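There are 4 protein chains.
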Amino acid sequence: MTGADASPTAILLIACPDRRGLVARTAEFVAARNGNIVHADHHIDLSTGLFLMRLEWELSGFELGRDEIDTGFAPLAEEIGADWSLHFSDTRARLAVFVSRQEHCLSDLLLRQRVDELRCELALVLGNHPDLEALAHSFGAAFHHVPTEAGDRAAAEPRQLDLLREHGVDVLVLAKYMQVLSPAFLRAFEQEVSPRQLRHAGRHRIINIHHSFLPAFAGANPYRQAFERGVKIIGATAHYVTEELDAGPIIEQDTVRISHRDTVDDLVRKGRDLERVVLARAVRSHLENRVLVHGNRTSVFE
Amino acid sequence: MTGADASPTAILLIACPDRRGLVARTAEFVAARNGNIVHADHHIDLSTGLFLMRLEWELSGFELGRDEIDTGFAPLAEEIGADWSLHFSDTRARLAVFVSRQEHCLSDLLLRQRVDELRCELALVLGNHPDLEALAHSFGAAFHHVPTEAGDRAAAEPRQLDLLREHGVDVLVLAKYMQVLSPAFLRAFEQEVSPRQLRHAGRHRIINIHHSFLPAFAGANPYRQAFERGVKIIGATAHYVTEELDAGPIIEQDTVRISHRDTVDDLVRKGRDLERVVLARAVRSHLENRVLVHGNRTSVFE
Amino acid sequence: MTGADASPTAILLIACPDRRGLVARTAEFVAARNGNIVHADHHIDLSTGLFLMRLEWELSGFELGRDEIDTGFAPLAEEIGADWSLHFSDTRARLAVFVSRQEHCLSDLLLRQRVDELRCELALVLGNHPDLEALAHSFGAAFHHVPTEAGDRAAAEPRQLDLLREHGVDVLVLAKYMQVLSPAFLRAFEQEVSPRQLRHAGRHRIINIHHSFLPAFAGANPYRQAFERGVKIIGATAHYVTEELDAGPIIEQDTVRISHRDTVDDLVRKGRDLERVVLARAVRSHLENRVLVHGNRTSVFE
Amino acid sequence: MTGADASPTAILLIACPDRRGLVARTAEFVAARNGNIVHADHHIDLSTGLFLMRLEWELSGFELGRDEIDTGFAPLAEEIGADWSLHFSDTRARLAVFVSRQEHCLSDLLLRQRVDELRCELALVLGNHPDLEALAHSFGAAFHHVPTEAGDRAAAEPRQLDLLREHGVDVLVLAKYMQVLSPAFLRAFEQEVSPRQLRHAGRHRIINIHHSFLPAFAGANPYRQAFERGVKIIGATAHYVTEELDAGPIIEQDTVRISHRDTVDDLVRKGRDLERVVLARAVRSHLENRVLVHGNRTSVFE
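Residue numbers (the numbering used here), protein chains in the order written: chain Y, 25 to 326; chain X, 25 to 326; chain Z, 25 to 326; chain E, 25 to 326.
Excised from the complex, chain Y in its bound form (with noise of 0.2 angstroms):
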């Protein structure tokens, strides 16, 4: 990975149908302007025929501000079909964390913005129980309690976006929420929320972790399900959240080995030290604009 904290960098993130020269024109369209490329990383999706492309260069001496990228670029995305997205490394994304009562993947994302593993500020925590108020406190952070008890999602979602307006969060972290959030929220968080990101990458923007290696045991207590049917590795799955429940763009996963000796709270305790390694890799891998979503998959360039 380029360290990219040395000097701010511009990323494109690039779709388009695979054609001859895409590579140098793209390339190009930085060179010629006088940009350094510190990352160009790109692959052919053979079942789409899709050109899949990450590329960024340090802002530093290339010709166009900040502000004239985005004009600069359009004329050879058009030519090209790309649908594209355009990012800054020093831009920190604000991030809203939901969290229920479990604490350990709030408390890794905390320990792991305060070292700077993470590029964003976190602008709230939201629970929807008041238990982990204190250690969001303990951290800095704002909290606020919004409660979805059975029957009310219809009362909470209002006002969880009225504070992800006032914090002007762009991205949304389930870390452990325990909840389903509904189509209509999810609409209004991707299109009203952030004018600030357009295009592409505007549209994906809530990860949440589930605690199984999906598909395998979607929906409720997958380390139950895992225990009943016996598997010899349990995994964690950190994805994007569309309207179909636990079936979003997979980000990253990672597994581990158990034995017939553990109980299902043993899977659960296992499986936390997956979640929070999962979720805090996926999201960072999205902070860093590195992921690049088509159709229901996630092309991640390291």
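Because the hints were derived from the structure by calculation, they are not lab data.
Wrong hints could be hidden among the right ones.
Here are the simulated DMTMM-like cross-link-like pairs (lysine to aspartate or glutamate), alpha carbons at most 25 angstroms apart as the crow flies [to be verified]:
hint	chain 1	residue 1	chain 2	residue 2
1	X	K294	E	D140
2	Y	K294	Y	E267
3	X	K294	E	D114
4	Z	K294	X	D286
5	X	K294	E	E102
6	Z	K294	Z	D155
7	Z	K294	Z	E267
8	E	K294	X	E157
9	Y	K294	Z	D65
10	E	K294	E	D270
To give an idea of the interface, some chain X residues facing chain E are shown, with a C-beta separation under 7 angstroms as derived from the structure [to be verified]:
hint	residue
11	E82
12	L83
13	T95
14	S131
15	K294
16	V301
Small disclaimer: the values here were computed from a predicted structure and weren't measured.
Don't be surprised by glycine CBs; every beta carbon is placed ideally from N, CA and C.
Please build the complex by placing chains X, Z and E on the supplied structure of chain Y, with the hints as guidance.
Showing chains X, Z and E alone in chain Y's frame:
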């Protein structure tokens, strides 16, 4: 793992309702007859209240002859309500391998058997295509071609059973066989073929390798399914075959990381390395009588 | 892992020359006094001829009181020439954590202790820098700052030992402490500090996390060493501290894949996730009395 | 990985001092001549300031013939100070495998070559013992027995080099060869044997599998060393051979967990599964021209 090869051992696999004194009672059964225990491992499945044990001791010096152990242990087994089976480390199971056209799992088993990793005799290889005959022969293994064209499973299975009977087969390994065995076949192999193995162990003697991390991607074309779902890790599963497809007790699983660069063909290739190792581990555990099935779960003692 | 929390258990760790009847004799010691064994595992180290066992049974219903078990077991122990130690599952060890400036291992231990993953009380955190005082306090843990500037280890160690004595510390965890403890300190902590733990278990009560896959890259700057050697995988090692630097008995290790894109800083970041998990697993195994040291090797019973 | 088999491609491996415009310049070299890039990946090694790139494009439609590319690229290469090599995806390297008595790595390579996982021709197998002759022959591979008794390495090596010359060998794989090659042999194979491969790629064409996680346990008997050190994980390392034993650039490594129950023999057995997979991955990467050596490190492009 204790080196059981030095001198022959007896192995008891025991499952019974948990209660006070079982470890001492069973160990005492061996010790009182001057047996030297080389492996004793048990655990209690809290979800069912079952006590599950593997007990292995040297036959040398043991006061009961091989033929007397069954009778000798029966009273205790009855008292504690045990489902149990008795095995001897120097009994080499007679293995049949069912194959189709892919060679990697068969060649792996042949190689391991040649360097004596597997405690078995390879009685025959049975292919529904003739492709692997030369491979089998190059290792000195018998090969029979029994076609299973669409619709004639009814014709193939009696022929297969005849061959298994003729060769005195104890254990059947489906090494990328790609065909579903009928319930009638399963019952016939279980009940009729090999009267040498009674009770517990006799009930699960067919091992299949499935090219996915079950229960994800059961059924056909799991690598394509995995590709389309966009998973970041693929797996393989070795399990006992039951009447319900891909749903039998799991013996062993393993996983490997993939990336967005991998095509379906790459998954197939990477999967081959998983499949053969996972299958070999499962077969080895089975042949060393380390697998105890309870309900749809296995305890694999190490 | 058996759920020892339901009712208190006694645990015997036993090492003795292998001979006939040891499993039965030890199990019988428990069963004859009406003890219910919940975990009995042993193995025979063929390289040394040692019989190594962990035996755990419920105190409820056992005919000997806690104070009588030592005396009750001593005659058998003497007869079989055993090196042994006795533990109780409801005894919470008193833990001290030595830290320097890095917080990830300390915060990980604090979080696990809060959700009750670790069977211990956190007696104190002792830093040679003051940086982590606020973190410790936010979890309600005592913190002491004992500087160890170049040359004054002689001054720091008596102060450290005094604090360990004051707080009745049983187990010392070096959580990225980055300092070498003197042989005099090791002997003092072993012999004087905590007379509650005698015999075997008393001899290894200091656990260190080393940021490499030992024995590769012992000494300073292992991530830089790993980068320069061009390895494709990095690791972390938790081990008991002995007088020989980085050479004590290994309790737990794990590894993670890296790529040519990773800088030394990336290795440090990826290594942090390994270090905290590996250290936590080792501390947990130690606190549950699952680790039996023989020579420079450990058996970790599961 | 892009499927290069569909139509032949050219591959450039480039290492040069990093500077502005390298991605664009190299891509432009291809695009200006109507080449379609199917893989372009680079990274910058910050520790040395080197720009390291792999560039692959379809020959179909490219305006330069195969013989003209060298000359065509040379001016740009000279300008940017590049160390570089040119390869074609449909050139099948001629492989020699040196073996001793153990068959698992050789049989693995033979099997993979048969199912076309490896882009090579197997020119010959050369054993210092005759044991594996039958195995080689059963796959249709030539086998030569050149003994290397104590003291007569001087006699064996000229004979080995003659055979390599006769068979036009490009790449040499030491598949558990267990012998050290002399510096004179290394230089002779590098410089004389195969003039077809010049520059960069010609310098590293001997691949060894070492049965440990280097740099841990270099030298003899690594599994015994690992057992005695009491590690919890073992590994295998594939590396290029250099004059310094076990110290050449690492291409691939992998690890597997072991337990205290494993004897040295168990480590050897588990290690075999690692060795063959790690060696096969390294050979495959080399044959697909994905490995770029710089100093004592490798970049393995995926």
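Now the hints, each set against the structure:
| no. | hint | verdict |
| --- | --- | --- |
| 1 | X/K294 with E/D140 | 13 angstroms, holds |
| 2 | Y/K294 with Y/E267 | 29 angstroms, violated |
| 3 | X/K294 with E/D114 | 22 angstroms, holds |
| 4 | Z/K294 with X/D286 | 24 angstroms, holds |
| 5 | X/K294 with E/E102 | 39 angstroms, violated |
| 6 | Z/K294 with Z/D155 | 22 angstroms, holds |
| 7 | Z/K294 with Z/E267 | 29 angstroms, violated |
| 8 | E/K294 with X/E157 | 29 angstroms, violated |
| 9 | Y/K294 with Z/D65 | 22 angstroms, holds |
| 10 | E/K294 with E/D270 | 21 angstroms, holds |
| 11 | E82 | 17 angstroms, violated |
| 12 | L83 | 21 angstroms, violated |
| 13 | T95 | 32 angstroms, violated |
| 14 | S131 | 5 angstroms, holds |
| 15 | K294 | 10 angstroms, violated |
| 16 | V301 | 6 angstroms, holds |
In this structure, the earlier hints numbered 2, 5, 7, 8, 11, 12, 13, 15 are contradicted, and the remaining ones agree with it.
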